[in-house]
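Protein chains: 2
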Amino acid sequence: MGKSLEYLDIAVKGWMHDARIKMLAALDEDLDVWTKSGRNDLVTNIDKEIEKFYIENIRLLYPDANIIGEESFTKADLNVDGLTWFVDPIDGTMNFVKQHSHFASMIAVYENGKGIRGYIYDVIEDKLYWGGPDIGVFCNDVRMKEPSNDTLRNGLIGIGAPYLIHNFCNLQVVALASSGTRMYGSAGIQIIHVIEGKCVGYVSYLRPWDFAAGKILAEVLGLSVKMIDGAPLNMLVSSDVLVATKNAQRDIAKLIKKS
Amino acid sequence: MGKSLEYLDIAVKGWMHDARIKMLAALDEDLDVWTKSGRNDLVTNIDKEIEKFYIENIRLLYPDANIIGEESFTKADLNVDGLTWFVDPIDGTMNFVKQHSHFASMIAVYENGKGIRGYIYDVIEDKLYWGGPDIGVFCNDVRMKEPSNDTLRNGLIGIGAPYLIHNFCNLQVVALASSGTRMYGSAGIQIIHVIEGKCVGYVSYLRPWDFAAGKILAEVLGLSVKMIDGAPLNMLVSSDVLVATKNAQRDIAKLIKKS
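Chains as they are written, first to last, in UniProt numbering: chain X, 1 to 259; chain F, 1 to 259.
Hint data in this document are derived by calculation from the structure and do not stem from the laboratory. One or more of the hints may lead you astray.
Put simply, identical chains are the same to the list, so a pair is met inside one copy or across any two.
In the DSSO-like style, the derived pairs of lysine-lysine whose C-alpha atoms are separated by at most 30 Å in a straight line are [what the hints assert, rightly or not]: (1) Lys52 with Lys198; (2) Lys198 with Lys3; (3) Lys48 with Lys22; (4) Lys127 with Lys198.
Please model the complete structure; the sequences and the hints are all you need to start from.
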């Protein structure tokens with residue numbers, strides 16, 4: 001990929017910290033909010049501005065990179081040859097708008113389909129979760145340990161609301177078999193809870209930019225990141241995604257049914 | 001009640017800050033954890049220790065007070081004559097154990113059935129939400145404003161997982177009519193989200209010590225705190241409880257069905 005990964009880390013962390021300052025400033029002002037696929041799928045002027053900021057910076061340093069950005073990708077971007085960047089400026093835009101907390105900014109870098117760097121930034125808490133297979137995973141400057149391989153019965157499970165309400169794949173039974181269900185409204189925040197060991201799993205319908213960074217970090221920390229039926233994820237396709245400890249993944253596999 | 005409310009505020013805040021230090025220290029050590037009504041209804045040695053600490057302090061200053069503590073009340077305590085204290089040392093014990101965050105410590109004071117002081121302490125964030133009808137509601141030292149009277153459609157709704165899974169009173173339809181569903185696993189934390197305007201409502205099955213403090217703070221801030229069918233709460237009975245903006249309460253009333 002030419003430039004070193006250390007160089008990439010320094011650059012991306014700088015962009016994300018600058019983006020944080022823009023986001024915090026925006027929370028004190030009126031946001032322009034539009035809907036996308038439905039009335040609860042929001043985008044703001046800040047999502048667009050931060051994505052543009054990330055993409056311009058990526059293009060300056062990596063002019064040939066392929067960039068799949070939530071708010072701006074085109075079909076031509078949908079390939080993972082060479083260096084591919086997944087950019088989600090604000091994951092949990094509804095929370096950004098309504099709660100001013102519980103949202104994340106995410107960037108992931110893949111090389112020929114293999115994840116090399118994931119970054120999930122809990123903006124309000126100022127905690128950047130980042131790393132890759134060659135160096136491990138860090139929360140800011142502190143190296144993270146693999147979370148305990150807890151079972152479903154002994155752990156909390158994050159489930160997207162539509163999946164729980166419609167009992168997708170029998171997930172209501174999965175919820176009742178766990179220690180409790182949690183819903184925070186941001187894939188990034190929910191995946192942070194799994195890599196920190198606060199939840200044993202998270203399952204939801206996700207787009208590639210929702211799971212690209214989390215997949216890298218979770219797998220480096222010994223977690224399973226697959227479709228709910230155990231099939232591998234396609235990095236260019238939206239699908240159900242289960243991030244879980246290996247024991248919880250095994251427990252969930254026994255309970256799910258095809259929807 | 002003899003001593004002034006200013007005196008009471010100073011005393012309770014001191015106890016709660018001391019309790020916080022005990023809780024944070026406990027998170028670095030091994031907890032003793034037992035189950036109560038079911039495998040997901042937990043109590044730890046710290047719940048018991050903090051409740052004992054609160055009750056001993058209350059008895060020192062208010063020897064005749066009636067105290068309804070989650071871990072220690074008896075049937076004889078179940079009356080609201082005179083000065084009655086509701087004590088929940090750790091609300092969200094599962095989160096305390098599994099997440100080391102998202103739990104609250106709560107105290108409420110009623111006089112002849114009328115709420116005079118509520119305290120909800122977000123222990124990890126070090127934010128104490130407190131107040132009463134005579135002084136308003138504060139977050140630490142900052143006076144809180146009434147949250148915007150948003151509709152269900154324009155707001156996030158907190159729903160307890162069993163209620164959503166079993167579609168209690170048609171709450172799945174309520175969830176789908178909102179801007180999104182949130183589940184944090186602590187009544188105190190969920191009620192904080194409503195009084196801050198981050199969610200338009202919260203509905204769950206609650207015990208008196210789960211809602212006693214929140215009811216005072218929410219009502220002072222112009223929110224509705226009732227059973228889901230609009231009936232008033234009995235302070236000595238566990239029941240479904242809906243804390244919501246008046247507009248969201250009205251919207252929800254149109255959607256619910258008797259379960």
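Hints, one by one, checked against the model:
1. Proximity of lysine 52 to lysine 198 under the C-alpha cut-off of 30 Å is restricted to the inter-copy arrangement: shortest distance 28 Å between copies versus 33 Å within a copy.
2. Neither within a single protomer nor between protomers do lysine 198 and lysine 3 lie at most 30 Å apart by alpha-carbon distance, with minima of 36 Å and 43 Å respectively.
3. Taking the shortest Cα distances, lysine 48 and lysine 22 sit within 30 Å of each other inside one copy (12 Å), while across copies they are farther apart (45 Å).
4. For a Cα distance limit of 30 Å, the shortest separation of lysine 127 from lysine 198 qualifies both inside one copy, at 16 Å, and across copies, at 21 Å.
Comparing the model with each numbered hint stated earlier shows that hint 2 is the single one that does not hold.
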